[in-house]
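S.K.: So the chains spell out like this:
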Amino acid sequence: MSRFSKMFEGWRGERQWSAFSPEINSREFIDLSHGTLLYLENITVSFDGFKALDKLNLYIDKGELRCIIGANGAGKTTMMDVVTGKLRPDSGTAFLGQTINLLNMSESEISEVGIGRKFQKPTVLENFSVFDNLELSLHSDRSVKASLLARLTGEQRDRIEEVLEIIGLQAEKERTAGNLSHGQKQWLEIGILLIQDPYLLLVDEPVAGMTVQETERTAELLTSLAGERSIVVVEHDMEFVRSIANIVTVLHQGSVLAEGTMNEIQDDPKVKEVYLGSSETSS
Amino acid sequence: MRSKSFIIETLQGDTGGRILIAILLCGCVVFPVFNLLVPQSSAFHISTYLVTLFGKYLCFALLALALDLAWGYCGILSLGHGAFFALGGYGMGMYLMRQIGDRGVYGDPLLPDFMVFLNWTELPWYWYGFNNFGFAMVMAMFVPGLLAFVFGWLAFRSRVTGVYLSIILQALTYALMLAFFRNEMGFGGNNGLTDFKDIIGFNLQTDETRAVLFVVTGLILILVYLFCRHIVKSKFGRVVVSIRDAESRMRFIGYKVENYKTSIFVLSALIAGIAGALYVPFVGIINPGEFEPLNSIEIVIWVAIGGRSTLYGAVLGAILVNYAKTRFTAVMPEVWLFALGGLFIFVTLFLPKGLVGFFSDLKEKMEKKA
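Which chain is which? The protein sequence lines are W and L, in order. So the first sequence is residues 1 to 283, counted in our numbering. So the second sequence is residues 1 to 370, counted in our numbering.
It is worth saying that the hints were derived from the structure and are not from the lab. Check the hints yourself; a few may be wrong.
To be verified - Estimated spans, in silico, between C-beta atoms of each pair:
{"id": "1", "chain 1": "W", "residue 1": "223", "chain 2": "L", "residue 2": "368", "range": "58 to 64 Å"}
{"id": "2", "chain 1": "L", "residue 1": "184", "chain 2": "W", "residue 2": "49", "range": "48 to 54 Å"}
{"id": "3", "chain 1": "L", "residue 1": "123", "chain 2": "W", "residue 2": "103", "range": "33 to 39 Å"}
{"id": "4", "chain 1": "L", "residue 1": "332", "chain 2": "W", "residue 2": "48", "range": "15 to 21 Å"}
{"id": "5", "chain 1": "L", "residue 1": "120", "chain 2": "W", "residue 2": "148", "range": "40 to 46 Å"}
What the hints assert, rightly or not - Pairs of lysine to aspartate or glutamate residues, derived as DMTMM-like cross-links and limited to a Cα-Cα distance of at most 20 Å, are as follows:
{"id": "6", "chain 1": "L", "residue 1": "353", "chain 2": "W", "residue 2": "126"}
{"id": "7", "chain 1": "L", "residue 1": "235", "chain 2": "L", "residue 2": "9"}
{"id": "8", "chain 1": "L", "residue 1": "233", "chain 2": "W", "residue 2": "135"}
{"id": "9", "chain 1": "W", "residue 1": "121", "chain 2": "L", "residue 2": "247"}
{"id": "10", "chain 1": "L", "residue 1": "368", "chain 2": "L", "residue 2": "9"}
{"id": "11", "chain 1": "L", "residue 1": "233", "chain 2": "W", "residue 2": "174"}
{"id": "12", "chain 1": "W", "residue 1": "55", "chain 2": "W", "residue 2": "41"}
{"id": "13", "chain 1": "L", "residue 1": "235", "chain 2": "W", "residue 2": "141"}
{"id": "14", "chain 1": "W", "residue 1": "86", "chain 2": "L", "residue 2": "245"}
{"id": "15", "chain 1": "L", "residue 1": "233", "chain 2": "W", "residue 2": "214"}
{"id": "16", "chain 1": "L", "residue 1": "235", "chain 2": "W", "residue 2": "174"}
{"id": "17", "chain 1": "L", "residue 1": "235", "chain 2": "W", "residue 2": "161"}
{"id": "18", "chain 1": "W", "residue 1": "173", "chain 2": "W", "residue 2": "214"}
{"id": "19", "chain 1": "W", "residue 1": "121", "chain 2": "L", "residue 2": "245"}
{"id": "20", "chain 1": "W", "residue 1": "121", "chain 2": "W", "residue 2": "214"}
{"id": "21", "chain 1": "W", "residue 1": "86", "chain 2": "L", "residue 2": "247"}
{"id": "22", "chain 1": "L", "residue 1": "256", "chain 2": "W", "residue 2": "135"}
{"id": "23", "chain 1": "L", "residue 1": "235", "chain 2": "W", "residue 2": "81"}
{"id": "24", "chain 1": "L", "residue 1": "233", "chain 2": "L", "residue 2": "14"}
{"id": "25", "chain 1": "L", "residue 1": "235", "chain 2": "W", "residue 2": "132"}
{"id": "26", "chain 1": "L", "residue 1": "233", "chain 2": "W", "residue 2": "126"}
{"id": "27", "chain 1": "L", "residue 1": "235", "chain 2": "W", "residue 2": "155"}
{"id": "28", "chain 1": "L", "residue 1": "256", "chain 2": "W", "residue 2": "197"}
{"id": "29", "chain 1": "L", "residue 1": "256", "chain 2": "W", "residue 2": "141"}
{"id": "30", "chain 1": "L", "residue 1": "256", "chain 2": "W", "residue 2": "81"}
{"id": "31", "chain 1": "L", "residue 1": "235", "chain 2": "W", "residue 2": "135"}
{"id": "32", "chain 1": "L", "residue 1": "233", "chain 2": "W", "residue 2": "141"}
{"id": "33", "chain 1": "L", "residue 1": "235", "chain 2": "W", "residue 2": "158"}
{"id": "34", "chain 1": "L", "residue 1": "256", "chain 2": "W", "residue 2": "132"}
Note that this is a predicted model, so its numbers are computed, not measured. Think of the CB as a built atom: it goes at the ideal place given N, C-alpha and C, for glycine as much as any other residue.
In isolation and in its complexed conformation, chain W is listed as follows (with noise of 0.2 Å):
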């Protein structure tokens, strides 16, 4: 039965059909006029009893450089999933700007209306080379009919080669994405989302198994990136959230436990006890 049951959990995330919700593709929709671009009220998940989210509630402003430390189940991955629209949650409510409500939307559509995501897994195309990963992620017409009759403009062609600029893969462009190291990975995922031209960019854990100096290219990368666009990233290393963080919100037990600077954290006595003083080594 349950096996069964897992068959069709797709319906599940498939409820909202799309000919019967208005077609959202124009992105002057985003209404900032408040300043804040992704809000998320009394978001609650559960799965089997386990809650993995509870009553959460998180706002990231525009431009912002969001940090989200939390140990391991504190929800980061599954806040990344109701965002993204792989989850719906039991109840509460996301909105992108004032207007967009996020709830309603499949993967596809959210990904269109300009939230990207990065996996903590690096996931590129791997048999293409990576001028296709990003050729392939420019922001144009996804349907199957205007992919049949696909050709690259000089403009599309220019905007590729400042993408592989800002990550720091032209010399890599004809390799086969397959065969670069897993930093270069790191940053070909980040180019496929930079040039959708997301406003928010959701990064899981960017830096897991990177060298200093990969990690160091890192932080430059999203501190750069920040400002003309919203990054929230999930990450375990301290000195790099330290690093690269203005705001850093910790979450635990799938709510805000505490959000301010690195150091007002780091002197909170709640964060002391369930966090920094457990598990992680602290500076």
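Let chain W serve as the given structure and place chain L on it in line with the hints.
M.R.: For chain L alone, kept in the frame of chain W given last:
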């Protein structure tokens, strides 16, 4: 001139495809010429039996091409392609049946023999129009395509993938087999459709008709190959391959994965339908046995042995395995299925990229040494 450059562009970097098309073109000349113009007494004569046999192989090759498009390029392991093939075959069968006219055993000008036998008095509505060749051919593609669309749309929307999808498709072809076995369905039940006389006015039994059928099948195979290659090289093809390798990445980039999967699946079913329609005039019969689940599994084996996601590998696999089958079943029929199973295990363990992959790896090694 434009079409010529189109072909050259499509085959760029596809050595295997160029060789394949060259061989197919040669075959399209050699087989009919040596069959019709060389006297039977000559050692170079190719018998009509061989022409028919290889014509059948070409149809299987087309079917393998269809499966490779779905499985090799999009990772949809369909164990139901036999159903699309058989449906296409029934489309052609119904046309050929209507062409018999009053030359049937019962001499009824309108009703096929089996309907007279069942005491039916009028032609069922779904047999209307099948006396028209064009209509019948459109239906031979449309019906498998529609089935694939409905099925694919439902399955891919609810994100049914992997083994589950394969099993459901296997069940689909089995269900269709049981349905077509029923006399009430109006497709000849157990015996299917047979005893065909002629196709667009030409007698099916003559050597000339068979030779022409062979050439037509060969040319269609080449055209479909070029079409598939074109599809695979387009942005659409690259998106489809990426969906195979990193489905959730593509979803988060913003592609509607289910639309792409449904499209390639429908395309694949259309080609399988064409293959089925071409197959029937060669064998002269279509019956529910074609829906047998085992057939669908065999198609997967052809593609696996030839080599996945190369297109020409699928064609090679289909022709080689079927040739082996013909030879083997003539000598030791009871051993064939074991041999096929063994071959499949061997290929999976030692040649994961199939014969084509094995040879290209070998070539690479040689080049490195040199």
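S.K.: Each hint: holds or not?
M.R.: Verification of the hints:
At about 44 Å, the beta-carbon gap between residue 223 (chain W) and residue 368 (chain L) misses the expected band of 58 to 64 Å. Checked against the hint of 48 to 54 Å, the C-beta distance between residue 184 (chain L) and residue 49 (chain W) comes to roughly 52 Å, which is consistent with it. Checked against the hint of 33 to 39 Å, the C-beta distance between residue 123 (chain L) and residue 103 (chain W) comes to roughly 54 Å, which is inconsistent with it. Here the CB-CB span from residue 332 (chain L) to residue 48 (chain W) is close to 56 Å, at odds with the stated 15 to 21 Å.
Take residue 120 (chain L) and residue 148 (chain W): their Cβ atoms lie about 45 Å apart, and the range 40 to 46 Å holds. Of the supplied pair hints, the one linking residue 353 (chain L) and residue 126 (chain W) holds, its CA atoms being roughly 17 Å apart against a limit of 20 Å. Between the alpha carbons of residue 235 (chain L) and residue 9 (chain L) the distance comes to roughly 15 Å, so the proposed pair stays at or under 20 Å and holds. At roughly 14 Å between alpha-carbon atoms, residue 233 (chain L) and residue 135 (chain W) fall within 20 Å of each other, so this suggested pair holds.
A C-alpha spacing of about 14 Å is found between residue 121 (chain W) and residue 247 (chain L), which places the hinted pair at or below 20 Å, so the restraint holds. With a C-alpha separation of about 28 Å, the suggested pair residue 368 (chain L) and residue 9 (chain L) falls outside the 20 Å cut-off, and the hint is violated. Restraint check: the Cα-Cα separation between residue 233 (chain L) and residue 174 (chain W) comes to about 17 Å, which is no more than 20 Å; the hinted pair holds. Our distance criterion of 20 Å between C-alpha atoms is met by residue 55 (chain W) and residue 41 (chain W), whose separation comes to about 7 Å.
Between residue 235 (chain L) and residue 141 (chain W) the CA atoms are separated by roughly 12 Å; this keeps the pair inside 20 Å, and the hint holds. In summary, the hint linking residue 86 (chain W) to residue 245 (chain L) is supported, as the alpha carbons are separated by about 19 Å, within the 20 Å threshold. Pair hint residue 233 (chain L) plus residue 214 (chain W) does not hold up; C-alpha atoms about 35 Å apart against a cutoff of 20 Å. Taking the CA atoms of residue 235 (chain L) and residue 174 (chain W), the gap is about 17 Å. The hint holds against a cut of 20 Å.
Only pairs whose Cα atoms come within 20 Å are accepted, and residue 235 (chain L) paired with residue 161 (chain W) is accepted, the gap being roughly 19 Å. Restraint check for residue 173 (chain W) and residue 214 (chain W): the C-alpha separation of about 18 Å stays at or below 20 Å, so the hint holds. Proximity of residue 121 (chain W) to residue 245 (chain L) is assessed by CA-CA distance (about 14 Å); at most 20 Å being required, the pair is judged to hold. Using a Cα cut-off of 20 Å, the hinted pair residue 121 (chain W) and residue 214 (chain W) holds, with the two alpha carbons roughly 16 Å apart.
A threshold of 20 Å between alpha carbons decides the hint, and for residue 86 (chain W) with residue 247 (chain L) the separation of about 13 Å falls inside it, so the pair holds. For the hint pairing residue 256 (chain L) with residue 135 (chain W), the CA-to-CA distance comes to about 17 Å; that is within 20 Å, so the pair holds. Taken as a hint, the residue 235 (chain L) and residue 81 (chain W) pair is broken in the structure, with Cα atoms around 28 Å apart against an allowance of 20 Å. In summary, the hint linking residue 233 (chain L) to residue 14 (chain L) is supported, as the alpha carbons are separated by about 11 Å, within the 20 Å threshold.
Pair hint residue 235 (chain L) plus residue 132 (chain W) holds up; C-alpha atoms about 9 Å apart against a cutoff of 20 Å. With a C-alpha separation of about 16 Å, the suggested pairing of residue 233 (chain L) with residue 126 (chain W) holds against the 20 Å cut-off. With a C-alpha separation of about 17 Å, the suggested pairing of residue 235 (chain L) with residue 155 (chain W) holds against the 20 Å cut-off. At roughly 18 Å between alpha-carbon atoms, residue 256 (chain L) and residue 197 (chain W) fall within 20 Å of each other, so this suggested pair holds.
Proximity of residue 256 (chain L) to residue 141 (chain W) is assessed by CA-CA distance (about 11 Å); at most 20 Å being required, the pair is judged to hold. Taking the CA atoms of residue 256 (chain L) and residue 81 (chain W), the gap is near 17 Å; set against the 20 Å cutoff, the hint holds. Simply put, residue 235 (chain L) and residue 135 (chain W) have alpha-carbon atoms about 9 Å apart, close enough for the 20 Å limit, and the pair holds. Between residue 233 (chain L) and residue 141 (chain W), the direct Cα distance comes to roughly 18 Å. Compliance with the 20 Å bound is thereby established for this hinted pair.
Of the pairs offered as hints, the one joining residue 235 (chain L) and residue 158 (chain W) holds, with about 18 Å between alpha carbons and a cut-off of 20 Å not exceeded. As the CA atoms of residue 256 (chain L) and residue 132 (chain W) are separated by approximately 19 Å, the hinted pair is consistent with the 20 Å bound.
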